[in-house]
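When you get a sec, could you build the whole thing from the sequences and use the hints?
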Amino acid sequence: MFTLDRKFFKNFDFTLFFSTLALMILSIIFVASASSAKSGNYYFTRQLVWVVGAVVVMFVTLKIDYNTFWKFSRLIYLANIALLLAVLAVGRTSKYGGTHWIWIGPIPLQPSEFSKVFTILTLAKLLVQKENKLNKFSDLFPVFFHIGIPFGLVILQGDLGTALVFIAILFGMLFVAGVKVKHLATLVGAGVAVMPVVWNFLKDYQKKRLIVFINPEMDKLGAGWNIIQSKIAIGSGGILGKGIFAGSQNRLEFLPESHTDFIFSVIGEEVGFLGSGIVLLLFFIIIWRGIKIAGRAKDMYGVLIAIGITSMFFFHVFENVGMALGIMPITGIPLPFVSYGGSAMFTNALSLGLLLNIYFRRQKIRF
Amino acid sequence: MLVKELEKRLKVFGIIAIIAFCLLTTRLGYLQIIKGEEYKDLAEGNRIRLIPQPAPRGLVFDRNGVLLIGNRPAFSVSVMQITSKEDFENTLLKLGEILGITKEEIDERIKQQNRRSFEPIKIATDVDLTTITKIEEQKVGLTGVIIDTEPIRYYPYKDLATHVLGYVGEINAKELEKKKQEGKDYQIGDIIGKMGIEQCLDEELKGVRGGKRVEVDVKGNLISTQGEVIPTPGNQVKLTIDLKVQQAAENGLVEIMDTISRQYPNAKTGAVVAMDVNTGEILALASKPGFDLNLFAGRMTPEQLNEINNNPLKPYNNRAISSAYPPGSTFKPITALAGLRKGTVTPNEYFYDSGVYYVGRHPFRCWKRTGHGSVNLVDGLKHSCNIVFYEIAMRTGIDDIAVMAREFGLGEKTGIILPGEAQGIVPDTKWKEEAYKKGITRYATWFKGDTANAAIGQGDHLYTPIQLVRMTAAIANGGKVFEPQLVSAIIDNNGQETFRMSPKIVKQASVSQEHLAIIRQGMKAVTSEGGTAGSAFRGFPIQVAGKTGTAQNAHGDNHAWFVGYAPADNPQIAVAVLVEQGGSGSTAAAPVARRVFEAFFNIQSDQAELNLDFNAVE
Chain A
1 MFTLDRKFFK NFDFTLFFST LALMILSIIF VASASSAKSG NYYFTRQLVW VVGAVVVMFV
61 TLKIDYNTFW KFSRLIYLAN IALLLAVLAV GRTSKYGGTH WIWIGPIPLQ PSEFSKVFTI
121 LTLAKLLVQK ENKLNKFSDL FPVFFHIGIP FGLVILQGDL GTALVFIAIL FGMLFVAGVK
181 VKHLATLVGA GVAVMPVVWN FLKDYQKKRL IVFINPEMDK LGAGWNIIQS KIAIGSGGIL
241 GKGIFAGSQN RLEFLPESHT DFIFSVIGEE VGFLGSGIVL LLFFIIIWRG IKIAGRAKDM
301 YGVLIAIGIT SMFFFHVFEN VGMALGIMPI TGIPLPFVSY GGSAMFTNAL SLGLLLNIYF
361 RRQKIRF
Chain B
1 MLVKELEKRL KVFGIIAIIA FCLLTTRLGY LQIIKGEEYK DLAEGNRIRL IPQPAPRGLV
61 FDRNGVLLIG NRPAFSVSVM QITSKEDFEN TLLKLGEILG ITKEEIDERI KQQNRRSFEP
121 IKIATDVDLT TITKIEEQKV GLTGVIIDTE PIRYYPYKDL ATHVLGYVGE INAKELEKKK
181 QEGKDYQIGD IIGKMGIEQC LDEELKGVRG GKRVEVDVKG NLISTQGEVI PTPGNQVKLT
241 IDLKVQQAAE NGLVEIMDTI SRQYPNAKTG AVVAMDVNTG EILALASKPG FDLNLFAGRM
301 TPEQLNEINN NPLKPYNNRA ISSAYPPGST FKPITALAGL RKGTVTPNEY FYDSGVYYVG
361 RHPFRCWKRT GHGSVNLVDG LKHSCNIVFY EIAMRTGIDD IAVMAREFGL GEKTGIILPG
421 EAQGIVPDTK WKEEAYKKGI TRYATWFKGD TANAAIGQGD HLYTPIQLVR MTAAIANGGK
481 VFEPQLVSAI IDNNGQETFR MSPKIVKQAS VSQEHLAIIR QGMKAVTSEG GTAGSAFRGF
541 PIQVAGKTGT AQNAHGDNHA WFVGYAPADN PQIAVAVLVE QGGSGSTAAA PVARRVFEAF
601 FNIQSDQAEL NLDFNAVE
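Line order of the protein sequences matches chains A and B.
By my numbering, the letter at position 82 of the first sequence is numbered 82, and the numbering carries on one by one without gaps.
By my numbering, the letter at position 293 of the second sequence is numbered 293, and the numbering carries on one by one without gaps.
Treat the hints with care, as some may be off.
Claimed, not checked - Calculated pairs, PhoX-like style, for lysine-lysine (alpha carbon to alpha carbon, straight line, at most 20 angstroms):
1) B/LYS212 x A/LYS208
2) A/LYS298 x B/LYS8
3) A/LYS10 x A/LYS298
4) B/LYS437 x A/LYS182
5) B/LYS179 x B/LYS194
6) B/LYS11 x A/LYS182
Stated by the list, open to error - One-sided excerpt, in silico: chain A residues whose CB lies under 7 angstroms from chain B:
7) GLY238
8) PHE318
9) LEU325
10) PRO329
What the hints assert, rightly or not - Anything over 12 angstroms on all C-beta distances counts as not near chain B; from chain A, calculated:
11) ASN11
12) VAL52
13) VAL60
14) LEU75
15) ASP139
16) HIS146
17) VAL192
18) TRP199
19) LYS207
20) PHE273
21) GLY342
These are computed hints drawn from the structure, not numbers from a lab.
Note that the Cβ used here is the ideal one computed from N, Cα and C, for glycine as well.
What follows is the structure in C-alpha cells.
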C-alpha cells in the first residue's frame, strides 16, 4: 500500500501514530482487566479485533486524499442523516432508555459515533465556502442549520453525551474559522438561557446524573455510587498502582461499566499516578499534534477538519477523565481508543487517519 | 482570514488544552498522591455491600374492592462471601443441611444469579420459622448468611380465576433478555408475572426495587447502614371481575361436572365468561381446571410442579380465550340474522320439520327424530330446530352468513389484554379454498352439505368462549361489539388513578333492530317452559334470554354450550358457558349460567339441586 521510501518517512506523523498505537495497546490490556472476571475473554478478543481493524482503517484513510471528501460532501451529509434516521426507525433501545443502535446483518452499528466525523467533514466545507463571510451573527444561521439536523437527531436518540460533543466540535471549528469572539459569547449566553427549557426535556436518568454530580451522597446506590466508587478506585491506586489485574475495586466489580465509560478508573487504580499520568500525556500529545497539524495544513479545509477532530478528541478525553475524577458530570461518552466498543474505535481510527492524511499532504513551503 | 489571525487562534486553542490537562493532572495527583492513603483504606475496607430490597408487588382487587392478590411477609436466606473461600464453602455445606438442599443446588443458584461480589445471593425464599430459628442458633458457624424478610405473593382464593390473575416466578434468562431488549429495567432474581394479569400488567405491578448500602465487618456483621432507598410498591390494579360472579361461575362448573359425572365421566374441563352487556367489562372469566396460584409464589416442591405440568387436563390452558371450539346451535342466531337481512326468511313464515331435511340425496336430521312439525323462526330458536336453519342457510348462502358472523366479532381476536388469545375460524367458500391449499380440507369446493352443517354451528366453525359472550352481548345491546375490558382502574402510590377503563366499541353490526328483536324473542322462548333451557331456568325470577348448543366432538362426548343474557328486556349481563364433553347444552351448560345470573342479581338459590332434565337432550 505504501512504499516506505524517503517521502513516506518525511511526511508521516510518527509521534501521533505511535502515541495512538500505545493507547490502543493499553486499551486491550485494561479492557481485559476490567471484564475478564465476569465475562472471560469475550470483550478482550473483540477489542483486539477492533484495534487491528482500526489500524487498517487509519492507513486506508491516509491513502485517500482528504480533498476527495470535498467532492462527496453532499453525499456524506445525506448518508449521515439517513443513518441517524435509521436508528430512530429500527434502532434497539439500550438499558438506560436511549436508542443508539442499528443492525447491519449481525453487526451492531452506532451511527451517532460515525456521525461526528461525517459532520466535521461537511461542516468544514461549509465554513470554507463562507470564509470571511461570517461577520454578522445572522451569518451563522446556515451553519446552525447544517449541524442542527444531525445534532437534533442525536438528541432524539437520547444520546446527550454525543450531542455535547457536537457542541464542542462546533465551537472549536467556529473559533478557528475566525468567527468573532463576541458571537461565540452570544452563543454561550443563548445556551445558558435555554438551559431551563432543556432541563424539562431531559430523561429522568439524565436529570439524576446531573443532580448526583452536584451531590453524590443523594443517590448512593445509583448514579452517586458510580462517582464514589470511581474516586475510591483512582485514589486507592496511589502513586504506583496496585498492579494490572490486581485492582480490588475493579476485580470485585465495585466499578460500574468498567470496560467502557469508567475504564480510566481501572487504569488509575491499577497503574497509579505514574501510569495514568502517562495515559494523560499520550492524549495530550494527540491533541497537541492535532493543533500543530491544523497549523500546517495546506488549505483551510484541512485546517478545519483537523481542528474539528481535535476538538472532538479533546472534549471526549476531558469529559470522560473528568467524570472518572469526579469533576465532570456523568454523560456516558467513551475514552477515545481506550474504552471498549467497535463503532467508537472505528470512528476514532477514521478521525486519526484524517489527521495523518492532512499532515501527510501539508504545505511544503511556509510563507 | 489572515494567516496571523489563524495562528493566534490556534495558539489560544493550545493554551486551553494545556490548562485542561493541567487541571486533570492536578486532580489526579490530588486523589492519588495527597488523598491516596485515605482512599486506600476505603478500598481495602470496602466491605460495603448492596442489599437489594424487592418492592412489594401491587395489590389486585375485584371491581368492588375485594382483595384478590395480596402480599405476605416471608423469610429469605441469602449468602455473601466475606471470609475465605474454604470458610465460605463450609458455610454453604452447613446451610444446605439446615435448609434441606444439596450443595450442588446452592452452587447452581450462585452460578445462576451471577451477582457482583458485594451483593448477597438469595439461596431460599419463603423459609419457615423453625428453619430460621435453627440458622439463628448456629449463627457463629454461618458467617455471611443473611436472613431477611421479603414480601411474597399471596392469593387468598387459591385457584380462583387462575387464568385471569396468573402467577409469578423468578425471571428466567429468556425473559430477561427480552425485557432488556425492550429497554426495561429488570435484573436477575427479579420476580416477574408469568401468566394472566400478573404477566400482562407486570410493569404496573412490579414497583421499583430499593436497596440498602451497608458496611459489614470481617465477620459479616452489620456495622452501619449508609444509605437506603425504600422500595416503591407496585401500582394497585382494580379488575372488572366481580368476585361473587366469578365464584358462582367456577363453583357452577365444578358442581355440574360432578352432577353429570356418571353420564359424562370426561366432563372435567370447561369455561365461563360473563360480560357487562353495555360496556364490555368482563365480570367473570373462568377456565377449569386451574391450580393454586400460591404454589408458585413460595417454595414449591418438584412433585407439586410436576403434578401441574403433567396434568392431562392442561391446567395452564385458558380455555375461555385460548381454545376455540365449534359453537353448535349457539350459532343459529347468526344464521337467522343473515337470512333476515337478506330477506330470505320472514318472521311469519312457517317451516315444516318432519325430522329430516334432504340436501340433494343426503339426509340431514333434526336432533328430534320425530321432527317439530310446523315451526316459525322464533319456535325454531326455542326448540333449536335444525330444519329451520338448514332451509334458511340454503336460501341465504354461506358467504352472507360468514359476513354476519364476522360483524358480530366471531373469528377474530377480541383484544382482551390477557396473553394467548386464539383467533378461531369463520368458514366460507374463500376459507375452504385457502384451507385446501394448505392441505386442511379434502376439497376446495364448498358443498351445499357444508352450508347445512355450518347453519347449525357444526362443521368447521371454531370460536372461543369470549367471542361467543361478546356476540351474545351484541345481540342483547343492539349490535355493539365491544372490546372486552378486564382492568377497571390502575391506582398509583399517591392514590392517583393513572388508568380508568372506558368502554371501546370495536364495531357495530349492521342489523336492523326489528330483526334483532325477533332473535331476542326466540332466545327468550328458549328459557321459557318448553324451550331447550326451560327446565334449567324454571322458577327463575328474572326473565333470561339464551341459546343452548351441543357441539359434535369427534374425540369424545359432545361439548355443551349455553349463551345468554339477562334481564331479557333490559339486558345487563351476558354469559357464555362451555362444558367440554358435557353432553348437551340444556343439561350441562345452562344450569351453570343460572348460577352466574343468581350471583349477579343476588338471588338466593332456593333449590339445592340444579334442575336437571336429562330427557331434554337437544
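Structure-based check of each hint:
Taking the CA atoms of B/LYS212 and A/LYS208, the gap is about 19 angstroms. The hint holds against a cut of 20 angstroms. Between the alpha carbons of A/LYS298 and B/LYS8 the distance comes to roughly 17 angstroms, so the proposed pair stays at or under 20 angstroms and holds. A hinted pair counts as satisfied when its Cα atoms are at most 20 angstroms apart, and A/LYS10 with A/LYS298 qualifies at roughly 16 angstroms. Distance check on the hinted pair: B/LYS437 and A/LYS182 sit about 76 angstroms apart at the alpha-carbon level, beyond 20 angstroms; violated.
Between the alpha carbons of B/LYS179 and B/LYS194 the distance comes to roughly 13 angstroms, so the proposed pair stays at or under 20 angstroms and holds. The straight-line distance between the Cα atoms of B/LYS11 and A/LYS182 is roughly 18 angstroms, inside the 20 angstroms bound, and the hint therefore holds. Because the beta carbon of A/GLY238 sits about 4 angstroms from the nearest beta carbon in chain B, less than 7 angstroms, this interface hint is met. With a cut of 7 angstroms, the hint placing A/PHE318 at the interface with chain B holds, because the nearest CB-to-CB distance is about 5 angstroms.
For A/LEU325, the interface hint holds, since its Cβ comes within 7 angstroms of a Cβ in chain B; the closest pair sits about 5 angstroms apart. Of the supplied interface hints, the one on A/PRO329 is violated, with its beta-carbon coming no nearer than about 15 angstroms to a beta-carbon of chain B, more than 7 angstroms. Chain B leaves A/ASN11 outside its interface by the beta-carbon criterion, the shortest separation being 21 angstroms against a cut-off of 12 angstroms. Listed as outside the interface, A/VAL52 is consistent with that label: its C-beta sits roughly 29 angstroms from the nearest C-beta of chain B, beyond the 12 angstroms cut-off.
With a minimum CB-CB distance of about 28 angstroms to chain B, A/VAL60 clears the 12 angstroms threshold, and the non-interface call stands. Its beta-carbon lying about 28 angstroms from the closest one in chain B, A/LEU75 satisfies the requirement of being farther than 12 angstroms from that chain. Annotated as non-interface, A/ASP139 keeps its C-beta farther than 12 angstroms from every C-beta of chain B; the closest such distance is 14 angstroms. Once the 12 angstroms rule is applied to beta carbons, A/HIS146 is consistent with being away from chain B; the minimum gap is 19 angstroms.
Against chain B, the non-interface label of A/VAL192 holds: every CB pair exceeds 12 angstroms, the least being about 19 angstroms. Against chain B, the non-interface label of A/TRP199 holds: every CB pair exceeds 12 angstroms, the least being about 22 angstroms. With a least beta-carbon separation of about 16 angstroms from chain B, A/LYS207 lies farther than 12 angstroms from that chain, consistent with its non-interface assignment. Once the 12 angstroms rule is applied to beta carbons, A/PHE273 is inconsistent with being away from chain B; the minimum gap is 4 angstroms.
The Cβ of A/GLY342 sits about 19 angstroms from the closest Cβ of chain B, beyond the 12 angstroms cut-off, so the non-interface label holds.
Going through the hint list in order, the structure does not satisfy hints 4, 10, 20.
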